[in-house]
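Q: Letter by letter, the chains look like this.
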Amino acid sequence: MTASLDPVTLQILKSHFEAAAESMAYTLLRTAHSAFVKETEDFTSGLTTPCGQTFASPKDLGATWFVGLDYAGVIGAIDSYRPGDICITNDPYSGYVCTHAPDMHLWMPVFAGERLMCFAVGHIHNTDMGGAVPASLSRALTEVHQEGIRIPPCKLVDGGVMDEKLLAVMLRNVRMPEQNWGDLKAQIASLKTAERKMHEAIARFGADMVHAGMYGVLDLAERQARRLFASIDDGEYGFSDYIDEDSPGGVPCRLKLTIRVRGEEAEFDFSGSDPQLQSALNMPTGGLPRHILPLVGYNYVVYSLDPTVALNCGLSRPVRCILPEGSVVNPVHPAATGMRSLTCTRIQGIVIGAFSRALPGRLPAGPAGGGGILNVRTTDARTGRLAMASINPITGGGGGAANGDGQDGSNSFLKNTPVEITEAEVPIRVLSYGLQPDSGGPGLHRGGLGTQMTFQVFTPNSVVTARNRDRVRFSSWGAAGGLAGATCGFTRNPGTANAEDLGNTDVVRCAPGDVLTISASGAGGWGDPFERPVEAVLRDVAQGKVSEAGARAYGVAIAGGVLDQAATEALRAAPRPAPQAITLDPARIAFERVWSEAAWDRLSELLFALPVEWRFFMKHQTFAQVAQDAAAEADPVAAIERGFAAAAAPYPQLAVRQGEAA
Amino acid sequence: MGYRIGVDIGGTFTDFCVLDEASLALRTLKVLSRPDAPGEEVLHGLAEIERRFGIAPAEVSYFTHGSTVGVNAIIQGRGAKLCLLATAGFRDVLELARLKIPDPYDLFSRRPEPLVPRERVLEVRERMNPDGSTDIAPERASVLAALARAEALGAEGIVIGLLHSYANPAHEQAVKAMILAERPGLPVFCSAEIWPIVREYERSITACIHGSVQPRVAHYITRLEAALAARGVPVAPMVTKSNGGVMTAAAGKLRSIEMLLSGTASGAIGAGFVARQAGFARVMSLDVGGTSADVALLRDGMPDFRTGELVGDYPVFLPTVSVSSIGAGGGSIATVDDLGVLRVGPDSAGSVPGPACYGRGGAQATLTDAFAVKGVLGAGELGYGAVRIDAVAAATAMAVVGEALGRDTAAAAEAVVALAVANMYREVSRLFSQVGEEPSLYALLAFGGAGPMLGCLLAEEMGMRAVIVPRTPGVLAALGGLLADLRSDFVRVVFLDVAAANMVALQAAFGELAGEARAWLADSQGHAGDGVLSVAADLRYRGQSYEIEVALEPDWITQARPERIAAAFHARHAEIYGHADERAAVHLVALRVVIAGVTAKPDFPPEPAPPGDPVPARHVPVAHRGTVVRAALFDRAALPPGSRFAGPAVVAQDDTTTWVPPGFAGHVDPYGNLILVRS
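Keeping their order, the protein sequence lines are chains G and X. Going by the numbering used here, 86 is the number at position 86 of the first sequence; the sequence numbering is gapless. Going by the numbering used here, 546 is the number at position 546 of the second sequence; the sequence numbering is gapless.
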């Protein structure tokens, strides 16, 4: 069955597979209707083995999160395949391929004669799938049923014949059916492009050779990943971080990871992460040991350390994730999952943090984030026309790293919208848009700055949404002696008597004339800031990236643009705490005086012993109790136990259910 | 009657094409480029032309030339030291660019350093509304403060890039006037003067690139003009442009931004000429040199145009002939990593030290070395005797690759070629999917030093049937420059719905643009004829965030036919994207006018000839797919029109070597083009 394959032919086949995946992506990008696909590039395309392992993806097109997504769960949900079939699902709880309802995944078998060779696969993020709110996404939603219509895995096209009824039901339930239909057609065109390209490859190389090539590129990625783990000392490497609010106005959500490296393999244990949330921040993984969502950061780490790796499913073979059931990283139905991107982003940072412990100094400090994706709905005062537009992603920078300062202002594939386009199309006035000085974490290599935007609206009932707001309370850590980045902010009418701190609010109703300032957090710094060359600090000050006051974090005294040599020497000579491998932000350090790792671990134990539906509730009750506990700092674990017991006291029925769960 | 000369300066070689206007005979020449002393290679070439062909400078009747001075200034970071004046609140326009980092998978990925660093971006208090009305007039005090700061920073020039200047350039002009009143003679550039498009980053970076290169380019052109005059060249030189046209050198001093990507553009124009001559409607040109491999799609001899092409690390948003890089060319280095994975490129041996077989100190095996090991290269002379192929050096370098792969040297060479072709296949596949075209309907036109070596192999992989190798494949860009028309682009952002009520405004904008275009042709270029005016618009559905350029008939504007404009947009939208919404409102973002002054084209006479069987110079062994084939070696000069032969064959000529694998049949068309057809 499997032809023997030499490494050169393998590389040639790899080029052909990538050509197919990239041709799919370009076809989709070209023929899609929605801005989500065309501008944000929130889509994927790829090829999988008959059992669902993705072996080819486009390198520089589309969303970067889903390289190596495993389609097994949905492929297996269909009884049999024949040429001309195209299958579809957007259900986060069927097969754990789709991760929130707007993502519509399609897969199509590719045959060589009778032989099933592979699947062409891909998804797009639909602007709306129906449900409780426009765009189907809100942090406040609590059940997946509120997040739009869900199509379980089924055949949309059966042997070349479209299931018109299914299509009609789907389109009847969404707010912009023509856009969804247009994008769906583009997806189908993209799958057919893959089929044609793979048929070309089969004609050129033969089915056996192509078959061997598919598995060969997966094996290659696996060998590359194993080589990385082999270079890491066996041991446990832990990291945790928070989402500021686990629900609107809520308490922090802890996400915890312990990486256990053994030889060429590793276990990624997410135990200790919070119970599933009564909000849409849950990350549906089904507990699959190689689900892609908890491994996005892993792909980035492996690729960053060795850009020659093959980006495919093989990279995750040496890894096994532990994702406790009923947790934020493996919620049970019907937990809402729409905003899982915020959680996934934070976990990417945690993975980088854990690898920083395994490979000290090799990886960048914590990436910035939390700015959110800014949209506005307002009325044009002149024409009376309703205007809705995405204004901009408010982005933050990359972490400082061994090879230099972090990138200022951005760290992802997101693009901005020119101010001139925004103002020409939406009746708002942008007052400023640029970097936020002093937001980057100090370090030998400074963390990248966050961006800020200030704008004004002019008509009543204007609504500004800022999806994925976070990092108002806790910020990104510094590495290798570098310091944490700054937190971010969201303020209405700043600098006026009625200024209002909007914190992590994600929906703001504005009055005419309201001015909003929104910013992203800064990234962490890398290396001891006191070792940053004085000239580099002077240049940052000259550039306005660091203020003269901010320069003191580097032990550099500058006044009126002029270096004070003596004061600098004094600052740098003064005693200070020894640089640490990981430096957390001051707010987190203060918070963890009560909510220490041990305290969280104890709370986690207590909560996970409860039935799923009690966990989130009891977490909040316990938080409320502990907040009242003046002695909490003295013995946090005892305080958590006291708080939990007090919180549980009014609920005798809980004792019964707790017994059941145990 | 005299001699028309086209010159293209490349990284390694400078190419010359000399056309005898009387006989239409074409002569070619290559000399080594002189990046250390730009212009010297031009004078050296002229001297060689006189020496070899007996053509004196005084006999030159037309002279075009593509300069790399500007592009090198950007790549080497040696442009003028600029300050950018931006609207208060927006000093990070260059720093943020469009946010996206180059490689989002790479945690270490960084955007290039801004062309003008943040300390030299100074804010001016002013604000214009999107409709071009003034919100806050430019504040003189803030302008003077910025000027003082710029001088303290040692600025050699100032670029003014203010918000919404595409809608009304008045604020930029007012700021410029304030500065010039204080410092007459200081180079000051307004973004709306350079290229008045909407989108502040795109307009500002284009203006900054211009400000950065203009002084250097102008200085170079002035010196060259003087040197040519001193040598007795009686005509004013022309310079080639990124849009595939030419303009007077005098205009080039003012519009240096338009010259930066002229080399690849001229190559595509030359390829288009050959494609038309050989009678192929759809052609993909493949230009492979020592350090680059570029492709362009040509329909009826015309290339596509694109904006945002990179000059070094920075994009330029003037319309540019669309040429895509698909690899690192013949100098691509082959390596094998510790897992036994072979790679070809992206690192290149460049022109220095170059491939091992050039014997200039290169030790690593390259794609060119692979062809030398196969036996394709080395049978004839290359580069007009400037390069001699050292097959032993190639084999020595390739043996290292072979050892790492566990293969013999010949098999390693074949692996390198096969992988290089597979990489090109991948890149070309992307390109065709991007434009939604079917590769098998295209012929491949191979040129550049290494293109004809690879052309048949890539054509096979892409399912293309025919390969064209022009008569002078090594100097096609020089030929393209020689044949190019006077050409210039004009743009006006209007932001109007396509509707009857807006036609008067559109007519006014069109009238202004057409007037500017005609004035350029007549006054700046001194062209006698009317020129050919073409009109296009950047159109989109209202609410869409991207525009497509649609060709318009001038009548649709002048005779107020908005429905025709909309219909053309729907049709073009359907053509590109596969769908259109004929009920949706159509929005016209910008109007574009291109004027072309047609220059004299040589009408090369066909030389029909009966089929003939040329006699090979000899036969050479070539390693091909695991065996050694006996290939006929032909001297290109000894292949007159009508010649027919079958692969395997090697065709050697001064500037390139063509590899004709088994399965291809060759013939020479009446214009001397070599046509290779896959059976």
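Treat the hints as calculated values from the structure; they're not laboratory data. This structure is a prediction, so every number in the text was calculated from the model and none was measured. Warning: the hint list may mix true and false statements.
[Unchecked claim] Here are the simulated lysine to aspartate or glutamate pairs, DMTMM-like style, with alpha carbons at most 20 Å apart:
hint : chain 1 : residue 1 : chain 2 : residue 2
1    : G       : K185      : G       : E164
2    : G       : K415      : X       : E151
3    : G       : K185      : X       : D581
4    : X       : K253      : X       : E225
5    : X       : K253      : X       : D106
6    : G       : K59       : X       : E575
7    : G       : K415      : X       : D530
8    : G       : K185      : G       : E39
9    : G       : K192      : X       : E575
10   : G       : K415      : G       : E425
11   : G       : K165      : G       : E178
12   : G       : K185      : G       : D158
13   : G       : K59       : X       : E547
14   : X       : K100      : X       : D313
15   : G       : K192      : X       : E123
16   : X       : K81       : X       : E119
17   : G       : K415      : X       : D103
18   : G       : K59       : X       : D581
19   : G       : K155      : G       : D219
20   : X       : K81       : X       : E21
21   : G       : K155      : G       : E143
22   : X       : K100      : G       : E164
23   : X       : K601      : X       : D485
24   : G       : K415      : X       : E437
25   : X       : K100      : G       : E195
26   : G       : K192      : X       : E438
27   : G       : K165      : G       : D85
28   : G       : K185      : X       : E48
29   : G       : K185      : X       : E437
30   : X       : K601      : X       : D530
31   : X       : K253      : X       : D581
32   : G       : K59       : X       : E427
33   : G       : K415      : X       : D106
34   : G       : K185      : X       : E575
Q: Evaluate each hint against the coordinates.
A: Verification of the hints:
For the hint pairing K185(G) with E164(G), the CA-to-CA distance comes to about 13 Å; that is within 20 Å, so the pair holds. Distance check on the hinted pair: K415(G) and E151(X) sit about 34 Å apart at the alpha-carbon level, beyond 20 Å; violated. The suggested pairing of K185(G) with D581(X) holds, with an alpha-carbon distance near 14 Å, which does not exceed 20 Å. The hinted pair formed by K253(X) and E225(X) meets the criterion: a straight-line CA distance of about 11 Å does not exceed 20 Å.
For the suggested pair K253(X) and D106(X), the alpha carbons sit about 41 Å apart, so the restraint of at most 20 Å is broken. Distance check on the hinted pair: K59(G) and E575(X) sit about 27 Å apart at the alpha-carbon level, beyond 20 Å; violated. Distance restraint check for K415(G) and D530(X): the Cα-Cα separation of roughly 43 Å exceeds the 20 Å cut-off, and the hinted pair is therefore not satisfied. With a CA separation close to 18 Å, the supplied pair K185(G) and E39(G) stays within the 20 Å bound.
For the hint pairing K192(G) with E575(X), the CA-to-CA distance comes to about 18 Å; that is within 20 Å, so the pair holds. Of the pairs offered as hints, the one joining K415(G) and E425(G) holds, with about 18 Å between alpha carbons and a cut-off of 20 Å not exceeded. With a C-alpha separation of about 16 Å, the suggested pair K165(G) and E178(G) falls inside the 20 Å cut-off, and the hint holds. Restraint check for K185(G) and D158(G): satisfied, since their Cα atoms lie roughly 15 Å apart, inside the 20 Å limit.
Pair hint K59(G) plus E547(X) does not hold up; C-alpha atoms about 25 Å apart against a cutoff of 20 Å. In summary, the hint linking K100(X) to D313(X) is supported, as the alpha carbons are separated by about 14 Å, within the 20 Å threshold. For the proposed pair K192(G) and E123(X), the alpha carbon gap of about 52 Å is over 20 Å, so the pair is violated. With a CA separation close to 12 Å, the supplied pair K81(X) and E119(X) stays within the 20 Å bound.
This hinted pair checks out: K415(G) and D103(X) have alpha carbons roughly 13 Å apart, not beyond 20 Å. About 32 Å separates the Cα atoms of K59(G) and D581(X), which puts this hinted pair outside 20 Å; it is violated. With a C-alpha separation of about 31 Å, the suggested pair K155(G) and D219(G) falls outside the 20 Å cut-off, and the hint is violated. For a cut-off of 20 Å, the pair hint linking K81(X) to E21(X) is broken: about 44 Å separates their Cα positions.
Restraint check: the Cα-Cα separation between K155(G) and E143(G) comes to about 26 Å, which exceeds 20 Å; the hinted pair is violated. Pair hint K100(X) plus E164(G) does not hold up; C-alpha atoms about 39 Å apart against a cutoff of 20 Å. Taking the CA atoms of K601(X) and D485(X), the gap is about 9 Å. The hint holds against a cut of 20 Å. A distance of roughly 28 Å separates the Cα atoms of K415(G) and E437(X); the hinted pair therefore is violated under the 20 Å criterion.
A threshold of 20 Å between alpha carbons decides the hint, and for K100(X) with E195(G) the separation of about 31 Å lies outside it, so the pair is violated. Of the supplied pair hints, the one linking K192(G) and E438(X) holds, its CA atoms being roughly 14 Å apart against a limit of 20 Å. Pair hint K165(G) plus D85(G) holds up; C-alpha atoms about 16 Å apart against a cutoff of 20 Å. Taking the CA atoms of K185(G) and E48(X), the gap is about 61 Å. The hint is violated against a cut of 20 Å.
Taking the CA atoms of K185(G) and E437(X), the gap is about 18 Å. The hint holds against a cut of 20 Å. Restraint check for K601(X) and D530(X): the C-alpha separation of about 17 Å stays at or below 20 Å, so the hint holds. About 45 Å separates the Cα atoms of K253(X) and D581(X), which puts this hinted pair outside 20 Å; it is violated. At most 20 Å may separate the alpha-carbon atoms for a hinted pair to count; K59(G) and E427(X) meet this at roughly 12 Å.
As the CA atoms of K415(G) and D106(X) are separated by approximately 17 Å, the hinted pair is consistent with the 20 Å bound. For the proposed pair K185(G) and E575(X), the alpha carbon gap of about 15 Å is at most 20 Å, so the pair holds.
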